[in-house]
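Those protein sequences? They're chains A and B, same order as listed. Mapping of the first sequence onto my numbering: residues 1 to 56, in sequence order. Mapping of the second sequence onto my numbering: residues 57 to 597, in sequence order.
Since the hints were made in silico from the structure, they are not lab data. In this text, all values refer to a predicted model and were calculated from it rather than measured experimentally. Just to be clear, a hint being listed does not mean it is correct.
One side of the interface only, derived from the structure: several residues of chain B facing chain A at Cβ under 10 Å [to be verified]:
#1 202
#2 206
#3 211
#4 215
#5 274
#6 347
#7 349
#8 352
Think of the CB as a built atom: it goes at the ideal place given N, C-alpha and C, for glycine as much as any other residue.
Chain by chain, the residues:
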Amino acid sequence: MTIDHHMLVGFAKSFGLFYLLAMAAVALIYACWPANRNRFDKAARDIIDDEDRPWH
Amino acid sequence: MSERQRGLIVLAVLAFIGLAMAVAGAGRGDPLQAHGYIVLLFSIGIGCVLLKGYFAPEPPATRLDSYYDDPSKVGIVLAMGWAVFGMFVGDWVAWLLAFPDLTFDAAWSSFGRLRPAHTTGVIFGFGGNALIATSFHVMQRTARARMPDQFSPWFVLIGYNLFCLLAVSGYFLGITQSKEYAEPEWYADIWLVIVWVTYLLLYLRTLARRKEPHIYVANWYYLAFILVVAILHVVNNLAVPASFAGAKSYSAFAGVQDAMTQWWYGHNAVAFFLTAGFLGMLYYYLPKRAERPIYSYRMSIIGFWGITFFYMWAGSHHLHYTALPQWVQTLGMTFSVMLIVPSWIAAANALLTLNGAWHKVRDDATLRFMMMAAIFYGLSTFEGSFMAIRSVNSLSHYTDWTIGHVHAGAMGWVALITFGSIYALVPWLWKRERMYSPALVEVHFWLALAGTLVYVFAMWNSGIIQGLMWRTYSDSGTLTYSFLDSMVAMHPYYVARAVGGLLFLIGAVVGCYNIWMTIRRPSGAEATADTPLPATMQPAE
Chain A
1 MTIDHHMLVG FAKSFGLFYL LAMAAVALIY ACWPANRNRF DKAARDIIDD
51 EDRPWH
Chain B
57 MSERQRGLIV LAVLAFIGLA MAVAGAGRGD PLQAHGYIVL LFSIGIGCVL
107 LKGYFAPEPP ATRLDSYYDD PSKVGIVLAM GWAVFGMFVG DWVAWLLAFP
157 DLTFDAAWSS FGRLRPAHTT GVIFGFGGNA LIATSFHVMQ RTARARMPDQ
207 FSPWFVLIGY NLFCLLAVSG YFLGITQSKE YAEPEWYADI WLVIVWVTYL
257 LLYLRTLARR KEPHIYVANW YYLAFILVVA ILHVVNNLAV PASFAGAKSY
307 SAFAGVQDAM TQWWYGHNAV AFFLTAGFLG MLYYYLPKRA ERPIYSYRMS
357 IIGFWGITFF YMWAGSHHLH YTALPQWVQT LGMTFSVMLI VPSWIAAANA
407 LLTLNGAWHK VRDDATLRFM MMAAIFYGLS TFEGSFMAIR SVNSLSHYTD
457 WTIGHVHAGA MGWVALITFG SIYALVPWLW KRERMYSPAL VEVHFWLALA
507 GTLVYVFAMW NSGIIQGLMW RTYSDSGTLT YSFLDSMVAM HPYYVARAVG
557 GLLFLIGAVV GCYNIWMTIR RPSGAEATAD TPLPATMQPA E
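Pulled out of the complex, with its shape left as it was, chain B reads as follows:
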């Protein structure tokens, strides 16, 4: 069976499932109906794209002499699209928190639905697509082998985006299982398992074909990301659907076990989705861009095993002062503090790699994105270890300090390393000498950095003020401030946060324009170090 036929069959099955979901949902007036139509239309849409080229001549066998990069290219474009969407919703929510009257007064536009649309959009839409796109690139280069087939990468990329689409559209429709960062319901979860196992197998099959005997360390990080996210996703989403014809399900866990499972998942999502995968990016694209081998390969290995061993146990620091047994809280706290060691190994390794090439960092905004990411990685992992200490947590928990910490990591570390990697990767993939406008990369860098700093400082201030106001007692032993007092005190910081987020969003839009123009611009000059692919058409041609 040809790959095109395989694609059509998968899409036909998917369209049939979508139709069945729509019919079943319609019978009960369940929101599953809407998701059925989305699956159906999605399958038909992708099917049209496939059919358009179905009778085209088979690609020449010479394609096997080159790496297969088309899925990476599409993945980068999708990642940037999701970035703008996710950051737009995020900034919308930020303005809504500062000016609650700005709401449309409709269920879909409420905070509870917009907030997961933001988190899913940036973490899974932006981050996930960037990880998939770069991992396809890195695994082939470091293995010196082409992917084993062309069907699997497309299945992974397109299937993953269907999951993201179901997730985000579900929130607006009111479909959620109310688990943070794991909101999508059972059918979307099952679909993601299928996609994710295919992803893992694709990665392993490519590594099995490798011509370079040594598996470069970036692959270990990417593999940890894929494998552990699979485990986390399956366990935390164990649930029984109330009906196969409805969206609602009930979790297999209850009470404090549910809380522990959720934060074992939640913190390891930070560890293996938002850290391990992006460290894979860092360990590949930073040395490549700086044209200097990583400072200490040994440190990268020790750091890897430290991160995988320690992070697994850190989740319970989210549950200090709860019904969770005290020793489990202490265990999470201890491992969180220990995590500073492997985290700083990675941050130091990145910065020491650049030591001696600071002139490149000064001149090259792409490399500066990566350097700044390493600095924010060091800062936010230190902060995280600190906040996990029970007595610090008693001040920080439930305040905006947590939001500031998360965004120091998500904007300062995850987004900056991603933008840096994408700016390095786009000219290589599309065979361009450089980005369309290095000046716009520079603009994006400063917008992103300014936005992150404004955001994080606003939330540090607001969080610590909140924490202190909530624990200030009067002489008579009563609380000095009402909750509302603390809300009023937050207002200027919420405005500042929204401005910081806006700067970051504008930076991402500038990045999209720059990437788009780089793709569209005809490649006149020969690409820098690349040998051109033999006779395959580029999208821009």
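One chain only, chain A, in its complex shape:
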């Protein structure tokens, strides 16, 4: 099987759309998942005071 220009274009135009949508869905679900809320809030708060020293 040879991979020619038309095949690549067809692949990009069909699969490309769905893989982009799927990745967007994964990112959105991860970011908006309710159980992640506390973790994210804590992460955002924790950097405000971190100049101290490494943890052991």
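Fit chain B to the supplied structure of chain A, relying on the hints for placement.
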């Protein structure tokens, strides 16, 4: 093997390579000779610094209880040095465009050689060093872990500056592979790959040692910057040297494939070098300085994936109305328009973080640098999406509008967020209560803002006038204006642009003075929130 020995061996190998380049180049009368000497002298110079402390007692084990910040400190100083150099050359070029007779009439001082010296100086010299310095700081703090070793960060920082030095000196010598923002020749490119992979591994190794389980979002942006720049750099610079004893190489790509590869690289350099890394800065230093958590952590994650997914496809908008297939142009245009979503997520997130703390923005020029950067980020990403639309591009392409757009991003966004971050970081790193002179930070802010506005408005005017003059037809169907007519019409704007650039440059010089005095000033008072490092000597002591 101790880290000092490792450093010496690397420098010895490098010096040997430099000597070999010099000898090989000399045999053919090739400019590679000059670069060989630069590599040789650079290695010897760094070697002298290393040898000076070689027999000093090993640093105490207590150093492992603190973050390793010396490379960040040197990186900030280097970044400011490159800023002044790059902006000076930029303003020189600006005056040259307004008054072409000012040239020295020598090859090295021609526009074609000065221009890449400016772009490389500001993007890679200033921006790159600032990114490396701040990323070392951010990754350790957010991971709550010290870097795994002391050799790698120095190798990355010093090696990267050798690359910048080879790049800029090469332009003056006439060495270029004629790819915009990727001008350095094959040997410099290979060296950068080695440095960059070490950088990526250093970042990953530090994250692997993290004590904080969650990886803060700024790290994602910095990592995207490092990883994607590696991919872009390797692919776009694929080339075959004409000879291993010469500087010249031939690209692996030709024709429209070459153009597409180049602008896939070029626009993603904007995306991942000039955006992702600096968003990492924004997401760390802005909340820290404002002492308020980022408005929406979720938005920062969604914005991250939007930027990484979309930007990859936007490069072809640089090739509207070319031999590139129409659908590829349309694809680039579509993704460029979609990019407004993640871009404005980041800009809005930054401004909403400050909402409720406007009194701090009013009183604190450092925070105002960051706020203004977010505003310019929002403006220039909107403008970019707009200019990528094919019919808008037919007016804007090849005109100074593009230059205005780039500088709204580079001065308004990249440089302002960098200055803001550096002004926040310098007192923390050197354990000072504050900058030497808050008044001078204020002066720098207004010079930078005024310079950016003068520059950008001049280029908007000049670009749109150019675009309109080039497409104005007379009743008989011929072009009304010659190209020369449009050149004459540009003159006042070119003078204004050079003045704006000068203001920006003076601001950077003021910043250098302020940073230098902050470093030099003995730290009398205890630093604000920091616990002092245990018994390590500070450079200023």
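Q.
Hints numbered earlier in the text: which of these fail when held up against the supplied structure?
A. 2, 3 and 4
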